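From just these sequences and the hints, can you work out the full model?
Just so you know, the sequences run in chain order S and A. Residue numbers 505 to 815, in the numbering used here, belong to the letters of the first sequence in order. Residue numbers 1185 to 1730, in the numbering used here, belong to the letters of the second sequence in order.
Source of the hints: derived by calculation from the structure; they are not laboratory data. Be aware that one or more of the hints could be misleading.
Stated by the list, open to error - In silico SDA-like links for lysine to any residue, alpha-carbon gap of 25 Å or less:
1) S/Lys569 to A/Ile1506
2) A/Lys1679 to A/Phe1704
3) S/Lys563 to A/Trp1685
4) A/Lys1317 to S/Phe760
5) S/Lys563 to A/Arg1712
6) A/Lys1521 to S/Leu570
7) S/Lys563 to A/Ile1510
8) A/Lys1679 to S/Ser557
9) S/Lys569 to A/Tyr1520
10) S/Lys563 to A/Arg1527
11) A/Lys1521 to S/Arg555
12) A/Lys1521 to A/Phe1538
13) S/Lys569 to A/Ile1510
14) A/Lys1521 to S/Val540
15) S/Lys569 to A/Leu1467
16) A/Lys1726 to A/Thr1681
17) S/Lys563 to A/Leu1719
18) A/Lys1317 to A/Gly1331
19) A/Lys1521 to S/Arg561
20) A/Lys1521 to S/Gly541
21) A/Lys1521 to S/Asn568
22) A/Lys1521 to S/Ile576
Please read all numbers here as calculations on a predicted model, not as lab measurements.
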Amino acid sequence: MNQQNSIWLPEAASTIAGDVDTLFYFILVTSVIFFVGVVSTMVFFAWRFRRRSPDDRPKPVYENKLVEASWIVIPSILVAVVFVWGFRLFLEIGIAPPNSYEVNVTARKWSWSFTYPNGVISTDLHVPVNRPVKLRMSSEDVIHSFFVPSFRIKADVLQGRYSYVWFEATRQDTFLIACTEYCGTSHSNMYARVVTHSQDDFENWLVENLPDDSLTPAQRGELLYTQQGCIGCHSLDGTAAAGPSFLGLAGSTRNFTDGTSAVADDNYLRTSIVNPALQIVEGYLNVMPGQYAVTMSSEEIDALVAFINEQ
Amino acid sequence: MSDESHNYLNARKGLWSWLSTTDHKRIGIMYAIACGAFFLLGGILATFVRTELGEPGETILGQDQYNQVFTLHGVVMVFLVIIPAIPGILGNFVLPLQIGAKDVAFPRLNLASWYLFMAGAIMAVCGWLFVGKVDTGWTFYTPYSSGASNAVLWLTSAVFIAGFASIFTGLNFIVTVHKMRAPGMTWNRLPLFTWAIYATGIVQVLATPVIGITMVLLFLEKLLQIGIFDPALGGDPVLFQHFFWFYSHPAVYIMILPAMGIISDLMGTFSRQHVSGYTFIALSSVAIAFLGFLVWGHHMFVAGQSALSSIIFSMLTFLIGIPTGIKVFNWVATMYKGSVWLRTPMIYALMFLFLFTIGGLTGIMVGVLAVDVHLHDTYFVVAHFHYVMMGGALIGLIGGLHYWWPKMTGRMYNETAGVIAAILVFIGFNLTFFTQFFLGTKGMPRRYHDYSEFLEIYPEFAVLNLASTIGSYILGVGLVMILVYALYSLFRGPKATANPWGACTLEWTHTGPIPDEHNFHDTPLVTRGPYDYHLADDVFGKKTES
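See the structure below:
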């Protein structure tokens, strides 16, 4: 990721970003002119007309119609300009070109997953550069918001309906995706990346990442660990996040919030995946989504259990 | 003129005489104590938030604790400080005096609103302490709040109850202004503070029921599992946002209009000059009160509402922005050929103009659709609304309290201490919040417990966040200093005269240093406008030269 020069906006990396920036700087400069005008007039008046004697009784000054009219007309023209400019650009940002490459986006507490037309699933978004990409987004739980600062795009992601954004990246690089609608505990850690490839590299990436039946269950579980978003809350190095780490989990004795305890065998691991609310390990909250029984096949759960057993 | 030894403070004695009082001035003082305590609480929570963000990674608060703390900060500051404070404290104390009335129209209803407000406030705090800590943010967005613990029901009930306090207060002021004006107090002689509180009353009465109903719907959904907002039950989460902002955007005007009224009075008194654009300011307050109901959708440009709605809401937002800009020009113009006296209240009035102008101009920025897509829900918005809500509403309140302090307490505070605290507040405020504009345009989202991930791309986030945190401490020191010298003045401050600022409105010209229990011995007869300093021989003595 490149270093930035401006103190204001991130470096622009999508086709619409430059236009948004031009509008931003136009409003910024106009605002600074107005602000300096107001404040310097205020300071000048406060000094020039300062009280010289407690008995000062200045003559009343009444409004000058011409001055008042200019106060009304000039700002009105300026806001009309930025309004029209802003809404035309807004429509451009809102309407995806018809030839866009489509990717499905799923948001959940607290991770993203991206599903490509050929069935590849990833936790970072991989796209070709210089080609419009349209995202069809939905949430499995609460409202999230998909934000790529470098592309100047953002849209809320809701449960039970699709929302869309599109962009056309202009550089091969890696960009940050952040969740901007407050969604609970790990809201501030719900990141992903946009990785932009050349068209050829992207097609290779798609092929390389196709699920391969020759994988061992544990290897497949490792893929599921990122694809299903376990990675968002369960570390592999022992750090506690929103959920317990997988390191050394299998076979250990777990203490629960209701005072009971159990050894983490295969059955326990499976139950914890499909019905996470049943037993909550001490020190954690009941925050894990309960949809994995539906979203993962039984084989996939087996694979994930195998993977956890190896940690 | 009233007898100095007999006033509203010593007319009756004992705690019960306060708790059972129907005197609008005493109720104002009771609001001052309550809102002051909540402001302290909200301020302490804010320093926790800023301390957590001072360094990357987890410092003093875990993720959940952080979410609970910023939620309580927002709820306390919005519902228990900014919304009730100016109407509750200064509206109560000043408005009847300014129009020459003996009290508000419904004194017992007025006391009832204070009790409702306290009931809501105590319910919020007790729910927090004994039921559970809410982490939904002050906006209670569904479906997150639908899935949150039942403690959210306590908090929304508290908001519901406190809402009635707001409705009763607004109703009381509307009727008082219509029916209780002294002879000669025509509508175009109303002080602009009274005009502002009157306009605010309209918004309070019309808008507050909507938040009440929304809270009831949320309650029913959680308790009876009726699908209204929660998509899992077949509801629509965006509907909640519509309802919520249909109240909460007008509520922005409940917060800022009274402060604008204070600034108008301060600019007049301390410039000793006719307030420029009097009629425009008065009527635009009322116009804004109504137009304010038509712009709620500008909070939802990226929430999934139709593009056409967004365009209409954006346009209406600019329509309402223009009169606000014109007001700023008018306040500056009031000083032209005036006699500007830079005392503490006037310093706050000028500070308001400085900060509120930034708040307004950055409001234009987020009102422009294409730019808002990038800035929405980032720290740019956090900075913007703190410039309006704190730099505008609360700085206005602090200026107003300094202005009416001698009338409320009969004492003068130390002027030097006042100026030093004002400078600290100004420096601290700008350091805290201006840095957040940079963070926001770069993309730092709001309600973030940590920003470590951004540091790889923008190493300057560390220093910007640290500066913001240091600024919040300076701001805190300034505010605590105000509390200290204000309390000190109650015991050691020199006694105030009846009209220390040379103001020309009735609360200064027709009452003693501390007003009498019934305000006026004789009903005042109003013969001039509130800012007709050239006609106020009763204030300044006869003068032939002009």
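Notebook entry, point to check: Which numbered hints turn out to be false for this structure?
Noted result: Checked against the structure, no hint fails, so every one of them is satisfied.
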